[in-house]
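From first to last, the protein sequence lines stand for chains V and Y.
Going left to right, the first sequence walks through residues 4 to 390 as the numbering used here numbers them.
Going left to right, the second sequence walks through residues 1417 to 1810 as the numbering used here numbers them.
These are computed hints drawn from the structure, not numbers from a lab.
All of these numbers come straight from a predicted model, not from anything done at the bench.
Every residue, glycine too, gets a C-beta built ideally from N, C-alpha and C.
The reader is advised that the hints may include incorrect statements.
Said to hold, decoys possible - Partner residues aside, some chain Y positions facing chain V, computed with beta carbon under 7 Å:
id: 1; residue: Val1455
id: 2; residue: Trp1748
id: 3; residue: Asn1752
Stated by the list, open to error - In the BS3-like style, the derived pairs of lysine-lysine whose C-alpha atoms are separated by at most 30 Å in a straight line are:
id: 4; chain 1: Y; residue 1: Lys1708; chain 2: Y; residue 2: Lys1769
id: 5; chain 1: Y; residue 1: Lys1708; chain 2: V; residue 2: Lys302
id: 6; chain 1: V; residue 1: Lys379; chain 2: Y; residue 2: Lys1439
id: 7; chain 1: Y; residue 1: Lys1708; chain 2: Y; residue 2: Lys1439
id: 8; chain 1: V; residue 1: Lys259; chain 2: Y; residue 2: Lys1529
id: 9; chain 1: V; residue 1: Lys379; chain 2: V; residue 2: Lys302
id: 10; chain 1: V; residue 1: Lys259; chain 2: V; residue 2: Lys302
id: 11; chain 1: Y; residue 1: Lys1646; chain 2: V; residue 2: Lys100
id: 12; chain 1: V; residue 1: Lys143; chain 2: V; residue 2: Lys100
id: 13; chain 1: V; residue 1: Lys184; chain 2: V; residue 2: Lys151
id: 14; chain 1: V; residue 1: Lys259; chain 2: Y; residue 2: Lys1646
id: 15; chain 1: Y; residue 1: Lys1588; chain 2: Y; residue 2: Lys1529
id: 16; chain 1: Y; residue 1: Lys1422; chain 2: Y; residue 2: Lys1769
id: 17; chain 1: V; residue 1: Lys259; chain 2: Y; residue 2: Lys1769
id: 18; chain 1: V; residue 1: Lys211; chain 2: V; residue 2: Lys100
id: 19; chain 1: V; residue 1: Lys259; chain 2: Y; residue 2: Lys1532
id: 20; chain 1: Y; residue 1: Lys1529; chain 2: Y; residue 2: Lys1769
id: 21; chain 1: V; residue 1: Lys184; chain 2: V; residue 2: Lys143
id: 22; chain 1: Y; residue 1: Lys1769; chain 2: Y; residue 2: Lys1588
id: 23; chain 1: Y; residue 1: Lys1769; chain 2: Y; residue 2: Lys1429
id: 24; chain 1: V; residue 1: Lys100; chain 2: V; residue 2: Lys151
Claimed, not checked - Far from chain Y, by Cβ distances over 12 Å, these chain V residues were calculated:
id: 25; residue: Ala119
id: 26; residue: Asp126
id: 27; residue: Gln222
id: 28; residue: Ile367
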Amino acid sequence: MKYFFLIWSSLWHRPGRTVLTLLSMITAFLLLGIMQMVSYALTHPSPAFGSDIVVVMNKSSYGLPLPYAYRQTIESTPGVALVSVNTVVDGYYRDPKNTIQADAVDIQPFLAMRSAQIDITADEMRTLEATRTGAIVGPKIAAKYGWKVGDRITMQGNGKFIQEDGSLDWTFTVVAILNVKDRGVMDQLGGRILFQRAYLEESRLFGKGNVDLFLVKPQQFSDAGQVAQAIDARFANSSFETRSAPLQALAMTILKQVGDIGFLVSLITSVVLATLAFMIGNAMMHTFHERIPELAVMKTLGFSSQFVALMTVAESLLVCALGAGGGLGLAYMLAPVVNRRLPVIELSQTGLLPGIAMAMLLAIAVALIPAWRAQKLQIVDALATKG
Amino acid sequence: MLRFIKQVGPLLKLGLQTVSQRKGTSSVIVIGIAGVVAVLISMLAIGTGLDRSLQGGGRDDNVLLMSAGSGEETASAISRDTIPVVTSLPQVAHAGNGTPIASAEIVTVFPAKFNKTMEDGNVSLRGVGKQGLTIHSDIQLVDGQMFRPGLQELIVGVGVARMFHGFGLGDKVRIGNGIWTVTGHYTSQSIHDSEVLCDIDTLQSALGMGTYVNSIYVRLRSRADLQGFKDDVARNATLHLVTQVESEYFASQSESMSGTLRTIAYAIGTIMALGALFGSIHSLYISADARKTEMATLRAIGFRNDSIIAAFMIEAVVLSLVGGCIGAALAWAAFNGYTASTINTGLSQVVFKLSVSWSLVTTGITWACAIGLLGALVPAIRAARLPVAVALRA
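Just need the whole structure built from these sequences, with the hints factored in.
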């Protein structure tokens, strides 16, 4: 510690240059941090997707329905604990610009599946069961449109959801604001409107008896893959074959399809980093070169070769720590801002960890040659060098 | 003034002739700038490539109708009963045989395997009406023949044929429980390159989804009829439809996709440029420091301060220009014509080609010069301000 001030003051031997080195290092590590977070996000679906929920879809296409009648067969498949249907009603609220979606689900199993993350009170559940048009709204969408419990809200459905009387107005009674216990699922569930499938089923003109997909919770978390296979096997060669996959795996296949863009961006960013590392390395070497006479003076004063070498290493470590810390810190702070603007990917700050390892590597690489040369330095030659 | 110009020439010549003696610092500048420009151009090439495949091809006299509140075709649904109501409006153009030029369409996706990795992806499938190819006039069959309505046949965009496995002429494609035959390949200037086309009625009966369509395309007699058509659609309260000019719809779709990407490109480009700026200022500082004595000597023998600064800056710009050209060449070699695909709305894939155009190259090289100029300014002034005596003694 007593040498820290020595290192610190030698760092500011040329303040202008040190600031420049630090700034370019901060930008380099900011970029590295962002790249790491993006590539982490592209390979790790957000945990909020729920790894233990299996989605059962129509095998032909995401957009095609499945018969509601499948529900019984799915429920009786070994290993299945809970089943809820899910049909998304697309539409808008008041102004066509306010695009919203409402999910027709089996409320009780739907909430039970995610009981660790979301719930409503028992009272609210009783009211919901007694209210045909009852809906639970997510806190985010409720705040956006100022909805309160007891409000009646009317959304305009699209042509798929014409009612028997020809109307496209779907009116819901807000019976509860969804209690989101796990902040991690806020983005997925905070903006949803959940209502009972029976209301949709009774009122819709087309597609009675159809659902978009089934959500299934297996009894054992580890069974998700097997349960998915067992369900698909049951409907093989039927008129509507199914494709089942754990939500997490599904999210993964979607992320994989971002494909080439992800690859191109990381390729390009690598070039960036290589370029910056080259420039920074060069600058640091130059700074060292200029300070050779200073090191020679230290040796003359009686500091050992090892000590001078260590000092050089410590200095380079300090520069890298400051630069990398600054850059990665910025990236860390940026992550939530970026997340708000990009819907598909979720940047995770965990992705930053490799950046710290990179910083150490760079520090050591940059320090190695100077340290070696500092140790070998002959006082006479060094003092003769022009600074 | 004349003396200033007279002096800059020889000074610049001197500076450039001695570049080889300062290989270290000069190459740092060149390599740094080359990196920045290569990256900036590549990022923008991805953006323009995406733009071109999402944006092009839309016509100004085609109008797209979707259900109110839907931002894209897959989220829209229009009851079949409304089709004749719309196509019988007076502003709609008619074909030679008197039928309105309009196409009710279904857009859905189906799973397919990528050529490169054999992993699962999704292909966008569009069922079009009888006038479909008249409406989408940019679609040109390049191989094979048209699908025949009533038969399970389809034609495939060249983007899909290139990116996905099993879309050659005559290949059988499984959609739902049906087997469809590829009868032709087509090109287009638009998103349709990343799609597969077939007859809407055949598709609807095969998939058992006959009650609604996703969208209706209508050709107007002229662009001037747009307002009248919009008003007529809006006046009919039972329709619940929104009207959009096709070209504007494509532009808005492209905006949401490549807009994000362009933001990222500029953000990374800017951070990168900042990093390179700091790096090159640093290199130029070193270079100016190393040439203190030289500059002082020049001043001592009567060269003006401003001409020394100017020559130093021009030299930096020349080096940056070299770096910029190397960077542009690298980006061009690596990415021009590169075909890539990524996920689009509705989870289907959009196939696009990266193109390194001259305007991108110009943008990149302009950035390079700007960085060189900015980077050289402060060190040059600093070196030139140093008193001659002090500098000569150093």
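Checked hints:
1. Val1455: holds (5 Å)
2. Trp1748: violated (14 Å)
3. Asn1752: violated (13 Å)
4. Y/Lys1708 - Y/Lys1769: violated (50 Å)
5. Y/Lys1708 - V/Lys302: holds (29 Å)
6. V/Lys379 - Y/Lys1439: Holds, at about 26 Å.
7. Y/Lys1708 - Y/Lys1439: This hinted pair holds, its Cα atoms lying about 17 Å apart.
8. V/Lys259 - Y/Lys1529: holds (12 Å)
9. V/Lys379 - V/Lys302: holds (11 Å)
10. V/Lys259 - V/Lys302: violated (58 Å)
11. Y/Lys1646 - V/Lys100: With a Cα-Cα distance of about 17 Å, the restraint between Y/Lys1646 and V/Lys100 holds, given a limit of 30 Å.
12. V/Lys143 - V/Lys100: holds (17 Å)
13. V/Lys184 - V/Lys151: holds (19 Å)
14. V/Lys259 - Y/Lys1646: violated (41 Å)
15. Y/Lys1588 - Y/Lys1529: Roughly 14 Å separates the two Cα atoms, so the pair holds.
16. Y/Lys1422 - Y/Lys1769: Roughly 49 Å separates the two Cα atoms, so the pair is violated.
17. V/Lys259 - Y/Lys1769: Given that 30 Å is the threshold and the Cα spacing comes to 19 Å, the pair holds.
18. V/Lys211 - V/Lys100: holds (28 Å)
19. V/Lys259 - Y/Lys1532: This hinted pair holds, its Cα atoms lying about 13 Å apart.
20. Y/Lys1529 - Y/Lys1769: Holds, at about 20 Å.
21. V/Lys184 - V/Lys143: holds (13 Å)
22. Y/Lys1769 - Y/Lys1588: holds (27 Å)
23. Y/Lys1769 - Y/Lys1429: Roughly 43 Å separates the two Cα atoms, so the pair is violated.
24. V/Lys100 - V/Lys151: holds (22 Å)
25. Ala119: holds (28 Å)
26. Asp126: holds (33 Å)
27. Gln222: holds (28 Å)
28. Ile367: With a cut-off of 12 Å, V/Ile367 remains clear of chain Y, as the shortest Cβ separation is near 21 Å.
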